[in-house]
Structures are given as structure tokens and as C-alpha cells.
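Taken in order, these protein sequences are the chains called Y and R.
So the first sequence is numbered by the working numbering: it starts at 24 and just counts up by one.
So the second sequence is numbered by the working numbering: it starts at 23 and just counts up by one.
By construction, these hints were calculated from the structure, which means they are not laboratory data.
Be aware that a few hints might be false.
[Stated by the list, open to error] Some chain Y residues judged to face chain R by a derived CB distance under 8 angstroms, without partners named:
id: 1; residue: N31
id: 2; residue: K72
id: 3; residue: K81
id: 4; residue: L124
id: 5; residue: G129
id: 6; residue: T133
id: 7; residue: I135
[Unchecked claim] In silico DSSO-like pairs for lysine-lysine, Cα to Cα no more than 27 angstroms straight-line:
id: 8; chain 1: R; residue 1: K79; chain 2: R; residue 2: K93
id: 9; chain 1: Y; residue 1: K81; chain 2: Y; residue 2: K94
id: 10; chain 1: R; residue 1: K31; chain 2: R; residue 2: K93
id: 11; chain 1: Y; residue 1: K123; chain 2: R; residue 2: K93
id: 12; chain 1: R; residue 1: K79; chain 2: Y; residue 2: K72
id: 13; chain 1: Y; residue 1: K123; chain 2: R; residue 2: K36
id: 14; chain 1: R; residue 1: K92; chain 2: Y; residue 2: K123
id: 15; chain 1: Y; residue 1: K72; chain 2: R; residue 2: K36
Don't be surprised by glycine CBs; every beta carbon is placed ideally from N, CA and C.
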Amino acid sequence: AQSVSQHNHHVILSEAASLELGCNYSYGGTVNLFWYVQYPGQHLQLLLKYFSGDPLVKGIKGFEAEFIKSKFSFNLRKPSVQWSDTAEYFCASTNFGNEKLTFGTGTRLTIIP
Amino acid sequence: NAGVTQTPKFRVLKTGQSMTLLCAQDMNHEYMYWYRQDPGMGLRLIHYSVGEGTTAKGEVPDGYNVSRLKKQNFLLGLESAAPSQTSVYFCASSYSRRGGSYNEQFFGPGTRLTVL
Numbered sequence: 024a025q026s027v028s029q030h031n032h033h034v035i036l037s038e039a040a041s042l043e044l045g046c047n048y049s050y051g052g053t054v055n056l057f058w059y060v061q062y063p064g065q066h067l068q069l070l071l072k073y074f075s076g077d078p079l080v081k082g083i084k085g086f087e088a089e090f091i092k093s094k095f096s097f098n099l100r101k102p103s104v105q106w107s108d109t110a111e112y113f114c115a116s117t118n119f120g121n122e123k124l125t126f127g128t129g130t131r132l133t134i135i136p
Numbered sequence: 023n024a025g026v027t028q029t030p031k032f033r034v035l036k037t038g039q040s041m042t043l044l045c046a047q048d049m050n051h052e053y054m055y056w057y058r059q060d061p062g063m064g065l066r067l068i069h070y071s072v073g074e075g076t077t078a079k080g081e082v083p084d085g086y087n088v089s090r091l092k093k094q095n096f097l098l099g100l101e102s103a104a105p106s107q108t109s110v111y112f113c114a115s116s117y118s119r120r121g122g123s124y125n126e127q128f129f130g131p132g133t134r135l136t137v138l
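For reference, chain R alone in the conformation it holds in the complex:
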């Protein structure tokens, strides 16, 4: 049981380049999330998904797109990278709500992205 995995671990891009970050989970979770972590700002939600084929915007969605074609995978795309997108990106997943209670989010190891 690998939990939540992310690829790649590190990446350096030039301004204007595109890339896709892959998140995979093997816990059969319904919900998946993409966050970015910046010094002094905590984690901010970029996009999230409440099930296969559905996505929604989070707090800082501009410049990113996502897709959830398979339940276990959640892709984060940068179409035209900018230096402001230099950050550490974390993926997380959680069960759907059961009986009204909220289930914890399980996090991946992160992707460190630098945009020059």
C-alpha cells in the first residue's frame, strides 16, 4: 500500500514551458486535492476533485488546470509556467464523508518546482 505518490519529485522549468504533475493514490479515496506550499503562507488549495470526472477550483486556481479521468489519479497541469509558480506542490486524498464526519487528508511527498 503506497498511499499517495507524486511524480516527479523535482523539476526545473523555464518561463513559458508546460508540464504535468501526477498524483496517484491506492486507497480508493473519492476526494483528491492539489495544494501549493510557500514560505509563510501555509498550504493553499489550487484545485480539488470530489470524484472521477469532476473537478473544482480552490483558493488559487489561476494558471493551473486539472483532470481526474481515473479515480486513482489526479493531474495538475501548468500550461505556461511563470516564476510565481515556483513552489512545493502537495497532493492529498481523503474518503468521502461517512455519516457526516470528515475524514483526514493523506498527503503525498511533494514536488519541488522551480520556474526560471
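Isolated chain Y (complex conformation):
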């Protein structure tokens, strides 16, 4: 069965700091990868997704993620975070032809003004 690991459970940063959240997936075949964000009290929204092609994917709000197949990783990055980035971030994967997403346990990000 697929699994997605997010090793950072809670990250606290100051505004303008750089961010990198880790995500590792287990499936060895063709994989689709996603990062979702959940702002306090809101539903999940898609930040970015990777299907194929350029392994560096750019999403909304200045976020990007890099797919590194050899490391089974899809880490999320942002060069300079803002207070409004305070949220919970979920990495998710699905393998080709599968309708179901497998989510990681999430990383809570707190930005200190």
C-alpha cells in the first residue's frame, strides 16, 4: 500500500524566513503528487501538483516543490514566508490510474510576526 510521510509535525518560523517542508512517498511506479493547504477553520485547497515533466513545480502564493524520484521526495519550499502562511500543509500522492489520494499526517506551520 502507498504511504506518505511528513516528518515535520510542527514548524515555527519568523516572517521572511525560508521554508522547506519534507514529504516522502513510498510508491515506486508512476506517481502523482500534491500539496494541499488548510488555513485555520477552512477546507483544503490545492497549492500545487506534479504529474510529469519539469520536476520543479510552481504553485500559488509563491510556493514551489521539487520532485526527486531517486529520493522518493516532494518537498515544499518558499523563499520568504509571511504571517498569512500560518496553516496546516498536507502532502498527498496517488499512483497512475488510481482515483484515491493517500495523505500524509500534515505539518502545522506557525509564522511569528
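Here the structure of chain Y is known, so what remains is to put chain R in place on it, guided by the hints.
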């Protein structure tokens, strides 16, 4: 275009009571999903549907039933609620696969359920 909506937003039940959560989408999506979100466990798939009249079990289906009588609606039922079902429930929908690529899931606002 409302996207994915869920009713109710909040509910408190006593152990043994039953209830139905309603999810509706107006995007003509084929696939619909029910998840539960618990602290430290991320989102776990309860049941899903790949089309009207079809449903399938997800990762944590026990204690829940679902129905997809209309394409736009996906109902989640709890026949006899238990405290372990206290959670936030999210519905999601997505297009069917096109050309082999996977389409993103769109999520509803969630239902916070407490079982006493």
C-alpha cells in the same frame, strides 16, 4: 458555482444516535469522496464513489455507510454513532480520469461532529 458544499456544518450526537451528512457538488464531477480528519492522522478515506450508483470502501469504512443516488450528491451515514467517530468530516470531488492524468480533488468546508 458553489463548488462542494456540506451540511450540516456542526453536529453533536449522543452515542447510539444516527445521522446523515450530505455532500453536494455542482461541477459535474464523476468521483466523490468522504474523509475524516483527526489530529496527527491527516485525512483518511472512509468511502468513495466513481459514479452514480456505485460506492467503494476506503481506508476506514467501519461504522459508516454511503449512497450516491444522484451524481451531484454523496451521503455519509452513521447508523449508531460512537465517541470514536468524533471528527471533522470532509467531502471531496474530482473529474474522472482524462487521458490518463489525475485531476485534483476539490474539498468541501467540512462538518465537525462530536459524539458524546
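Y/K81 as an interface hint toward chain R, with CB separation required under 8 angstroms: Violated, because the Cβ-Cβ distance from Y/K81 to chain R comes to roughly 15 angstroms (cut-off 8 angstroms).
May I ask you to test the interface hint for Y/N31 with respect to chain R, counting a Cβ-Cβ separation under 8 angstroms as satisfied? The hint is violated - Y/N31 has no Cβ within 8 angstroms of chain R, the shortest such distance being about 13 angstroms.
Does the structure keep R/K31 and R/K93 at a Cα separation of 27 angstroms or less? holds (22 angstroms)
Would the hint on Y/G129 stand, with a C-beta cut-off of 8 angstroms toward chain R? With a minimum Cβ separation of about 5 angstroms from chain R (threshold 8 angstroms), the hint on Y/G129 holds.
Taking 8 angstroms as the limit, does the beta-carbon of Y/K72 come near enough to a beta-carbon in chain R? holds (6 angstroms)
Pairwise hint evaluation, R/K93 against Y/K123, where the allowed Cα distance is 27 angstroms at most: holds (18 angstroms)
Does Y/K81 pair with Y/K94 here, judged by a C-alpha cut-off of 27 angstroms? holds (20 angstroms)
Identify whether the interface hint at Y/I135 stands, where standing means a beta carbon of chain R within less than 8 angstroms of its own. At about 22 angstroms, which exceeds the 8 angstroms cut-off, the nearest Cβ of chain R leaves the hint on Y/I135 violated.
Straight-line Cα separation of Y/K123 and R/K36 no greater than 27 angstroms? With a Cα-Cα distance of about 32 angstroms, the restraint between Y/K123 and R/K36 is violated, given a limit of 27 angstroms.
Tell me if the straight-line CA distance from R/K79 to R/K93 falls inside 27 angstroms. holds (18 angstroms)
Sort out whether R/K36 lies within 27 angstroms of Y/K72, counting only the CA atoms. violated (40 angstroms)
Taking 27 angstroms as the top limit, are the C-alpha atoms of R/K79 and Y/K72 close enough? Answer holds: R/K79 to Y/K72 is near 25 angstroms, not above 27 angstroms.
The earlier numbered hints that this structure contradicts are 1, 3, 6, 7, 13 and 15.
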